[in-house]
Amino acid sequence: MKPSVTLDVQYDRWLEPTTPFNFDATFHKPDHFPSADQTWQPGCRWQTMLWQGQLLGLRFQNRGTLEQPGINLTIYAASELSEVFLDSLVKEIRFRYNLDMDMDAFNRQMLADDQSKAVMQRWLGLRPMNPGSLYEYLIIAIVLQNATVRRSVNMLQTLFDHYGTPLIFDGWTLFGWWQPEALHEVPEQALRDLKVGYRAKSMKRVSETFALQRMDEFVLRGKSADEQRKALLELYGVGPASVGYLMFDVFHRWDEIAAISPWEQKIYSRLFFNTETDQPVPVSDLMAYFTRRFAGHRMLAVHVFWEDLFWKRSHEKVEWLEALIRL
DNA sequence: CATCAGGGCCCTG
DNA sequence: CAGGGCCCTGAT
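When we follow our numbering, the leftmost residue of the first sequence carries the number 119, and every step to the right adds one.
Because the hints were derived from the structure by calculation, they are not lab data. There may be inaccurate statements among the hints.
Unchecked claim - Here are the simulated distance ranges between beta carbons:
hint, residue 1, residue 2, range
1, T393, T291, 41 to 49 Å
2, D279, E440, 45 to 53 Å
3, D279, Q186, 40 to 48 Å
C-beta atoms are modelled at their ideal positions from N, C-alpha and C, and glycine is treated no differently.
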């Protein structure tokens, strides 16, 4: 474990998202597995961030409403930050948390659809949210592969314990991510000793790509979806399932719907067709259905339904779902 | 105690 | 393009 770092320099920034904005549904995703770089309470989210080599703590406080949104952002750092740095940081935060997202067309489309209207009204202003960098998401995608949720959680925690930095701010100790160089320099066996198994090789190769600056997240953002997909698939250890998540969460491709895996197929079948989970709707039918009903925003629409389900699960038992989520 | 699939992907034939 | 192998875990 690395020595912890206390972040006692603070800066405040006022953020105004576009409307409508649902703070909690955007800043907390009950379907994401818990990870030690973030925590949430209603109306407040804490998150670490590695930006331009600086380890930071972030606190987002809800100070607005659905139609008059406002967020107080407090940035915690170990030393003073320049105005230029803070400006670039805030700009990146606005991107990652989708605070400038124009939701009008999507909202109109969903509210005009009889079957989506009730869910949409419940979650108006809910946005996707990915707090991390492309590199960080790739590591998460790799620990997700071929593992139960509990194992994924354990693998990420072990990685934080060895390569992350505990950051102390606002009464919390949360882990900051490591730079790609850290894993690039480590022997593969050292990673295997952390029980990540064959994923060690993928983590090494992905870290190498970023350490040697062979992939640039910010350049990729400006490319077409086809180019992004192709570049991601070329990474060792990254296949269609991971690319699907990356395209949506990291590159904000709201229409991108990836290969639907069996467990997702079962959940979608139940959600949209109310079928028993042992009689799932064929993937091709699901895909055609999404395209017909959610054209232009397919994954975004599915995300809203998905979140609706997992919020429900967080305060009541959803029997059929429990069987599909092996912890 | 043994077996097996899991929130995939790579490699081989 | 199909199918075996991969690390480790917890469920059975």
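Comparing the hints with the structure gives:
Here the CB-CB span from T393 to T291 is close to 45 Å, well matched to the stated 41 to 49 Å. The hinted window of 45 to 53 Å between D279 and E440 is violated, with their beta carbons roughly 29 Å apart. At about 42 Å, the beta-carbon gap between D279 and Q186 stays in the expected band of 40 to 48 Å.
Violated hint: 2 only; the structure is consistent with all others.
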